[in-house]
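Asker: Sequence:
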Amino acid sequence: RKYELFQYFGAPDAERIIILMCSGAETAEETVEYLMKKGEKVGLIKVRLYRPFSIKHFISSLPKTVKTIAALDRTKEPGSIGEPLYTDIVTAIQEGISEGITSFKKTPKIIGGRYGLSSKEFTPAMVKGIFKEMKKEVPKNHFTIGINDDVTHTSISYDPDFSITFCTISGQSR
Numbered sequence: 001r002k003y004e005l006f007q008y009f010g011a012p013d014a015e016r017i018i019i020l021m022c023s024g025a026e027t028a029e030e031t032v033e034y035l036m037k038k039g040e041k042v043g044l045i046k047v048r049l050y051r052p053f054s055i056k057h058f059i060s061s062l063p064k065t066v067k068t069i070a071a072l073d074r075t076k077e078p079g080s081i082g083e084p085l086y087t088d089i090v091t092a093i094q095e096g097i098s099e100g101i102t103s104f105k106k107t108p109k110i111i112g113g114r115y116g117l118s119s120k121e122f123t124p125a126m127v128k129g130i131f132k133e134m135k136k137e138v139p140k141n142h143f144t145i146g147i148n149d150d151v152t153h154t155s156i157s158y159d160p161d162f163s164i165t166f167c168t169i170s171g172q173s174r
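Numbering (full-length UniProt numbering) for the sequence shown: 1 to 174.
Treat each hint with caution, since some may be false.
[Claimed, not checked] Computed spacing ranges between beta-carbons, pair by pair:
#1 57 to 120: 29 to 35 Å
#2 60 to 118: 21 to 27 Å
#3 22 to 147: 14 to 20 Å
#4 160 to 100: 24 to 30 Å
#5 165 to 106: 25 to 31 Å
#6 142 to 22: 17 to 23 Å
#7 80 to 4: 17 to 23 Å
#8 56 to 161: 26 to 32 Å
#9 138 to 52: 19 to 25 Å
[Stated by the list, open to error] With a cut-off of at most 30 Å between alpha-carbon atoms, the simulated DSS-like pairs for lysine-lysine come out as follows:
#10 132 to 109
#11 38 to 109
#12 64 to 41
#13 2 to 56
#14 41 to 105
#15 140 to 109
#16 67 to 140
#17 109 to 67
#18 41 to 67
#19 105 to 38
#20 120 to 67
#21 37 to 120
#22 106 to 67
#23 120 to 76
#24 37 to 64
#25 2 to 136
#26 120 to 41
#27 120 to 132
#28 135 to 56
#29 135 to 38
#30 120 to 135
#31 41 to 76
#32 56 to 41
#33 41 to 136
#34 64 to 120
#35 56 to 132
#36 109 to 41
#37 136 to 37
#38 120 to 56
#39 120 to 136
Simulated from the structure, these hints should not be mistaken for laboratory data. In this text, a Cβ means the ideal position worked out from N, Cα and C, and glycines have one as well.
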């Protein structure tokens, strides 16, 4: 196996991508695979090495066609501008543009979100809900998924009945 600092999985011409690390990445990958089979131009970047953050490697992992990016953190940082991965992604894109190492036709929209708060399970339905939110002209930034945030009203909706089933045959899935 070969691991990259930022591992891309998805459509080569993806317009919407999710960036996250750790346990939620496998759930996101299954959902991306499902949505691609339905013709959606989506992708996922799994962050394999967070620190030190390599802008060059991050920028090179992005499809040139990306229009909207959702950076997902499994933490809430009260009082900050945004969660850690989100702020690093915003900074990396801006510095990449300043240094001339990006090849975007147009700077992508970048939104940040939180998942897995209060140990809430992260499901394919939630990933699908995030991709749906990203289709909007003005997607919600600093959103929460999986819990109903009735204080700040930043939750995005999803269909809790949606699920993906893969068969396991002879110990191999998918």
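Asker: Each of the hints needs a verdict: does it hold here or not?
Answerer: Structure-based check of each hint:
Distance hint check: the CB atoms of residue 57 and residue 120 are about 31 Å apart, consistent with the given range 29 to 35 Å. At about 36 Å, the CB distance of residue 60 to residue 118 disagrees with the hint of 21 to 27 Å. For residue 22 paired with residue 147, a C-beta distance near 18 Å keeps the hint of 14 to 20 Å intact. Take residue 160 and residue 100: their Cβ atoms lie about 44 Å apart, and the range 24 to 30 Å is violated.
For residue 165 and residue 106, the hinted distance range of 25 to 31 Å is not satisfied, since their beta carbons lie about 37 Å from each other. Distance hint for residue 142 and residue 22: a CB-CB separation of about 20 Å, consistent with the stated range 17 to 23 Å. A C-beta distance of roughly 28 Å is found between residue 80 and residue 4, which places it outside the suggested range of 17 to 23 Å. Distance hint check: the CB atoms of residue 56 and residue 161 are about 42 Å apart, inconsistent with the given range 26 to 32 Å.
Look at residue 138 against residue 52: about 33 Å separates their beta carbons, and that is not inside 19 to 25 Å. Restraint check for residue 132 and residue 109: satisfied, since their Cα atoms lie roughly 14 Å apart, inside the 30 Å limit. For the hint linking residue 38 to residue 109, the alpha-carbon distance of about 23 Å falls within 30 Å, and the restraint holds. Taking the CA atoms of residue 64 and residue 41, the gap is near 12 Å; set against the 30 Å cutoff, the hint holds.
Taking the CA atoms of residue 2 and residue 56, the gap is about 19 Å. The hint holds against a cut of 30 Å. The hinted pair formed by residue 41 and residue 105 meets the criterion: a straight-line CA distance of about 17 Å does not exceed 30 Å. The suggested pairing of residue 140 with residue 109 holds, with an alpha-carbon distance near 11 Å, which does not exceed 30 Å. Proposed proximity of residue 67 and residue 140 is supported: the alpha carbons are some 15 Å apart, at most 30 Å.
For the proposed pair residue 109 and residue 67, the alpha carbon gap of about 6 Å is at most 30 Å, so the pair holds. Annotation: proposed proximity of residue 41 to residue 67 holds, straight-line Cα distance about 10 Å (limit 30 Å). Distance restraint check for residue 105 and residue 38: the Cα-Cα separation of roughly 26 Å lies within the 30 Å cut-off, and the hinted pair is therefore satisfied. Taken as a hint, the residue 120 and residue 67 pair is honoured in the structure, with Cα atoms around 29 Å apart against an allowance of 30 Å.
The hinted pair formed by residue 37 and residue 120 meets the criterion: a straight-line CA distance of about 27 Å does not exceed 30 Å. For the given pair, residue 106 sits about 8 Å from residue 67 by alpha-carbon distance, which is consistent with the 30 Å threshold. This hinted pair checks out: residue 120 and residue 76 have alpha carbons roughly 13 Å apart, not beyond 30 Å. Pair hint residue 37 plus residue 64 holds up; C-alpha atoms about 21 Å apart against a cutoff of 30 Å.
For the given pair, residue 2 sits about 35 Å from residue 136 by alpha-carbon distance, which is inconsistent with the 30 Å threshold. Simply put, residue 120 and residue 41 have alpha-carbon atoms about 27 Å apart, close enough for the 30 Å limit, and the pair holds. For the hint linking residue 120 to residue 132, the alpha-carbon distance of about 20 Å falls within 30 Å, and the restraint holds. Between the alpha carbons of residue 135 and residue 56 the distance comes to roughly 27 Å, so the proposed pair stays at or under 30 Å and holds.
Of the pairs offered as hints, the one joining residue 135 and residue 38 holds, with about 15 Å between alpha carbons and a cut-off of 30 Å not exceeded. In summary, the hint linking residue 120 to residue 135 is supported, as the alpha carbons are separated by about 25 Å, within the 30 Å threshold. Between residue 41 and residue 76 the alpha-carbon distance is near 29 Å, which keeps this suggested pair within the 30 Å criterion. For the hint linking residue 56 to residue 41, the alpha-carbon distance of about 24 Å falls within 30 Å, and the restraint holds.
Note on residue 41 and residue 136: the hinted pairing holds, with a Cα-Cα distance of about 15 Å set against a maximum of 30 Å. At roughly 33 Å between alpha-carbon atoms, residue 64 and residue 120 are farther apart than 30 Å, so this suggested pair is violated. Annotation: proposed proximity of residue 56 to residue 132 holds, straight-line Cα distance about 29 Å (limit 30 Å). About 16 Å separates the Cα atoms of residue 109 and residue 41, which keeps this hinted pair within 30 Å; it holds.
For the given pair, residue 136 sits about 21 Å from residue 37 by alpha-carbon distance, which is consistent with the 30 Å threshold. For the hint pairing residue 120 with residue 56, the CA-to-CA distance comes to about 33 Å; that exceeds 30 Å, so the pair is violated. Between the alpha carbons of residue 120 and residue 136 the distance comes to roughly 25 Å, so the proposed pair stays at or under 30 Å and holds.
Of the hints listed earlier, those the structure fails to meet are numbers 2, 4, 5, 7, 8, 9, 25, 34 and 38, in rising order.
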